[in-house]
Amino acid sequence: MLKLLGLLVVAAPLLLTAVLGLCMLFRLQLSERSISRLTATAVAAGLVASLAILVTMLLTDSRSVPVSAGDWVRLPESAALHVNDPVEMSEHHVTAGSPDEAHFHFTLKFVFDRLSVPFVIMSFVLSGVISAFASRYLHREQGFPRFFLFFSLFLTGMILSSSAGTIETLFFGWELVGLSSALLVAFFQDRRGPVQNGLRVWSIYRIADAAFLLAALTLHHLSGSGDFAGLAGQGAWPEGNVVISPTSAILVGLLLLFAAAGKSALIPFSGWLPRAMEGPTPSSAVFYGALSVHLGAFLLLRMGPLLEESLLLQALVVILGLSTCAFAAMASRVQADIKSSLAFASLIQVSLIVTEIGFGLRYIPLIHIIGHACFRTLQLVRAPSLLKDYNAMINALGNRGSNTEKIGVTAPAREARLYRFAFDRGNLDPILDEYLVRPITSAFLWSDRMERRWTTWLSGSHSTGQSRAAQHASDDSAMSG
Amino acid sequence: MIGELHLPWLEIAILLPLLGAAACACIRKLHHAHLIALISAGLTSLCTIGEWIDFATLHAFEAHDHWDLLQRVTGRSDILVIDELSAPLPALASVLFLLVLLATLRTKLERFPLSLTLLSLSLTNATLSCHDPWLLIILLSLSVLPPLVELRQRGQSTRVFVVHMGLFTGLLLVGWALVDRTDGTASASGLSAALLTAAAILRAGVVPVHCWMTDLFEKASFGTALLFLTPMTGAYAVMHLVFPVVPGWAMQSIAVLSLITSLYAAGMAAVQTDARRFFCFLFLSHSSLVLSGLELVNVIGLTGALCVWLSVGLSLTGYGLTIRAVEARIGRIQLNRFYGLAEHTPTLAGLSLITGLSSIGFPGTLGFVGMELLVEGCVEFYPLVGLILVISSALNGISILRAWFRIFTGNRFQTAVSLRSQPAERFSVIILTLLIIGGGLWPQPGVASRHHAAVELLRLKGKGLFKIDAEPLAEEQTPEKSESSANAAPEADSGSPP
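Order-wise, the sequence lines are chains L and R. Take 2 as the starting number for the first sequence in the working numbering and just add one per residue. Take 3 as the starting number for the second sequence in the working numbering and just add one per residue.
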């Protein structure tokens with residue numbers, strides 16, 4: 002029964018994505034009402050199933066319910082392969098011990114425990130609220146079906162990540178969240194700004210995902226499987242002792258911390274968070290205010306036993322959390338628009354959650370995540386109408402009221418510098434562009450010029466494409482979007 | 003023993019496109035010629051898929067045609083042979099040719115050489131099922147001709163292509179002649195290995211001898227360039243001609259250079275402004291990644307490399323097709339401006355995104371498991387290699403979305419005519435999408451087949467059957483084993499000491 006419920010939790014958003022995706026592929030136009038109803042049905046089914054799991058777990062006092070959908074990919078032990086000939090069989094055993102003893106399996110396993118169940122329920126509740134909000138907010142918007150396709154992809158990613166029982170499954174969901182986020186930031190695709198910001202978000206995510214992939218595969222290699230239960234040894238979350246050596250734990254932990262920093266917009270990747278607000282309000286609310294931004298913290302919570310293995314790792318998590326918190330606290334106070342201000346306010350709480358995780362707390366960060374996600378969703382969803390109400394209030398009063406606080410005008414020079422630093426969001430993006438991206442792109446652009454010269458010399462003529470491309474080569478600022 | 007297929011699939015798959023090429027050359031009406039080309043490529047695809055299925059049911063390591071015509075003429079049954087490695091490759095190549103032909107718009111038929119394309123298909127199928135070294139070398143040399151003829155017909159400079167491909171053919175001929183003449187003694191094998199390695203590097207477009215690829219993409223028609231590269235006959239030649247006979251240092255050199263190429267090409271793709279050059283570097287990065295993975299000595303890594311071979315072939319051909327289709331509508335694409343075509347070509351936009359993501363191994367697509375296995379295999383033995391692979395993949399991912407945003411978003415494209423995709427294009431899109439997503443969601447059959455091939459390849463490698471200088475190992479085998487081994491790896495025969 003629990004297995005069925007668990008599979009329903011995962012299958013509901015997957016089916017929604019499949020239906021919306023296939024309709025788009027075969028150019029079947031669904032009405033707005035149909036799309037909204039389909040989404041509501043999928044979310045409700047998933048929510049009911051996850052609540053049923055919660056109730057069953059409470060009644061049976063079980064702390065962890067693993068649900069396996071079997072091996073998605075399985076490479077059999079080589080020695081057991083197809084060898085019909087006894088001579089070959091014996092030879093095979095002789096050569097085994099060599100590389101061909103390898104064995105690999107990618108298990109689709111989900112685990113419902115004290116961490117995943119609250120996270121899954123929270124994802125369904127907030128997604129349900131936002132889908133209902135979006136079906137009105139985006140009414141008659143040209144990209145309505147596209148929004149809901151990306152939304153379903155995001156929800157699938159969130160549910161897969163939250164309920165993942167293996168690190169590969171978590172990575173699967175993690176990537177879906179990344180892609181859908183980038184596409185939603187660029188939702189208003191007729192304008193350049195959202196698209197450039199979408200590319201920025203995607204670039205940061207890809208770099209963070211590279212670290213995650215390396216961590217996942219290293220972990221898979223070290224522990225024999227990517228199973229969280231196998232990794233954490235005995236005990237359901239939050240208990241468990243990591244089974245890999247401390248040195249390996251530090252290596253994997255650092256990679257995971259890097260991945261979490263990218264996803265949760267911790268320093269030095271904080272620049273993408275306000276940029277992500279370029280997307281429609283519903284997506285900003287559910288993705289960057291509530292769910293997506295907490296995924297990095299979720300990863301650290303899930304890998305808690307690994308962090309506990311090393312004091313250095315814990316210290317790094319605390320330092321990263323506190324420094325991001327200080328930065329975000331300054332930046333949020335001086336932003337010129339409400340969504341950016343809310344983005345940094347959100348970052349303050351996320352970095353506090355990360356700090357709590359670094360201090361070895363487990364339940365408090367989880368409660369903090371849920372409380373913060375719900376509150377921030379409300380704030381972000383309210384943001385557009387709040388401005389309207391505020392303007393209405395000013396009109397009714399006839400003036401803006403008294404505002405004695407004049408930051409930056411009467412403040413001393415030091416405070417002014419601090420204000421500038423906060424207003425420019427710490428110049429994090431320009432610093433990354435200048436010192437990381439630019440040298441690399443410059444080197445490759447130089448190589449490109451040299452290659453063109455070489456082929457031009459060798460062929461003795463410009464081709465049409467070459468001359469046209471060369472004409473524009475200098476204008477490009479490729480990686481900066 | 004070499005198994006026997008139930009029908010002469012391989013020979014039909016070579017002859018059908020040849021007949022189609024002859025017919026296309028004779029027919030003047032382009033529309034009819036296109037139809038014949040489609041029928042010919044479609045039947046060839048069915049034959050090669052039939053060959054793959056037939057081979058899978060045999061449970062043999064390698065198999066030749068039933069009613070083998072070449073066997074009757076030459077008395078040898080090991081000339082046209084498919085094995086675990088090559089079984090899906092003719093099918094993949096034929097489907098790629100079919101899709102390109104299918105997605106060729108009527109307005110572009112005048113500029114797209116149908117008969118040369120079918121000739122290329124015939125040569126590609128012959129190459130991918132040939133196990134005789136000399137014949138393979140001849141086929142590889144001949145396959146250079148169709149693009150060359152097209153370049154000449156278009157009045158473009160052929161010097162870059164001729165210099166590189168001429169050098170490749172020359173090095174291959176001399177290198178193999180040395181291998182054939184000598185018994186694999188130290189000095190001779192050193193020289194021949196160096197020549198063969200250089201030939202392999204040239205054909206695979208490894209840095210710094212890769213410029214012929216960008217040149218070809220810029221000067222030839224996009225379809226021709228695409229079909230010359232995406233079946234990856236270069237990697238096949240390396241697997242069948244070079245790896246079996248060269249010593250370890252040569253194999254490692256190819257692997258290391260391929261790895262550097264993969265990273266370099268990924269970086270270059272990220273800064274390109276011309277869509278064709280961008281695609282060329284993207285492909286180069288992926289094909290080099292496959293080539294470096296083929297040198298891995300563990301089952302998981304090799305399985306991953308073989309999976310990525312198939313997924314990259316399919317995905318990047320699909321990706322190239324979308325660029326070609328967009329070019330057919332608005333001319334050459336520059337990636338330093340925003341076109342905003344998504345509104346007018348939503349189908350192409352969707353396909354472009356799916357194929358691009360599949361090529362980088364995005365979860366849920368065909369390339370995901372292959373890439374996971376490849377990186378896992380590398381992490382196990384060479385962590386640095388794994389790191390470079392992951393960085394290359396990350397860079398390619400950024401480049402792909404950057405190109406997608408530039409072509410399909412960021413602007414409102416104004417046009418008086420409809421740019422919507424044609425039925426044939428939509429059909430190609432649906433087929434490709436279903437293959438990529440279907441293969442991604444249900445990867446086990448494909449992965450198991452590639453794993454099987456990887457195990458067999460490593461087993462033969464471990465026994466020294468793929469080595470020209472593996473005399474001590476060969477001597478240790480019993481006569482029965484030697485006989486069965488000789489049958490199992492006939493390509494090693496010509497280079498093995500007597």
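It cannot be assumed that every hint is accurate.
What the hints assert, rightly or not - To be clear about the criterion: a stretch of chain R counts as covered by chain L if any three or more of its residues have a C-beta under 8 angstroms from a C-beta of chain L, and this derived list gives those stretches: (1) 12 to 22; (2) 75 to 89; (3) 139 to 146; (4) 205 to 217; (5) 231 to 242; (6) 357 to 365; (7) 410 to 419.
What the hints assert, rightly or not - Quick look at which bits of chain L chain R covers, simulated, 3 or more residues with Cβ under 8 angstroms: (8) 38 to 44; (9) 132 to 140; (10) 242 to 248; (11) 291 to 303.
Treat the hints as calculated values from the structure; they're not laboratory data. The beta-carbon is built from N, C-alpha and C at its ideal position, and this holds for glycine as well.
Count residues of the region 139 to 146 of chain R with a Cβ under 8 angstroms from any Cβ of chain L, then say if the count reaches three.
-> Coverage by chain L is violated here, the residue count being 0 at a Cβ distance below 8 angstroms.
Against chain L, does the region 205 to 217 of chain R show at least 3 residues with beta-carbon separation below 8 angstroms?
-> holds (count 3)
How about the region 231 to 242 of chain R: do at least three of its residues have a C-beta closer than 8 angstroms to a C-beta of chain L?
-> violated (count 0)
Given coverage of the region 291 to 303 of chain L by chain R, checked by CB-CB distance under 8 angstroms (3 or more) = violated (count 0)
Taking a Cβ-Cβ distance under 8 angstroms as contact, does the region 38 to 44 of chain L have three or more residues in contact with chain R?
-> Coverage by chain R is violated for the region 38 to 44 of chain L (0 residues, Cβ < 8 angstroms).
Outcome, coverage of the region 75 to 89 of chain R by chain L - at least 3 residues whose beta-carbon is closer than 8 angstroms to one in that chain | violated (count 0)
Apply the coverage criterion to the region 357 to 365 of chain R and chain L: a residue qualifies when its Cβ sits closer than 8 angstroms to a Cβ of the chain, and three qualifying residues are needed.
-> Coverage by chain L holds for the region 357 to 365 of chain R (3 residues, Cβ < 8 angstroms).
How does the coverage statement for the region 410 to 419 of chain R fare against chain L, requiring three or more residues with Cβ below 8 angstroms from a Cβ of that chain?
-> holds (count 5)
In terms of beta carbon proximity below 8 angstroms, does the region 132 to 140 of chain L have 3 or more residues touching chain R?
-> Per the Cβ count (0), the hint is violated.
Test coverage of the region 12 to 22 of chain R by chain L using CB-CB distances below 8 angstroms; three residues minimum.
-> Check failed, 0 qualifying residues.
Coverage claim, chain R over the region 242 to 248 of chain L, checked by counting residues with Cβ within 8 angstroms (three needed) | violated (count 0)
Hints 1, 2, 3, 5, 8, 9, 10, 11 from the list above are not met by this structure, while the remaining hints are.
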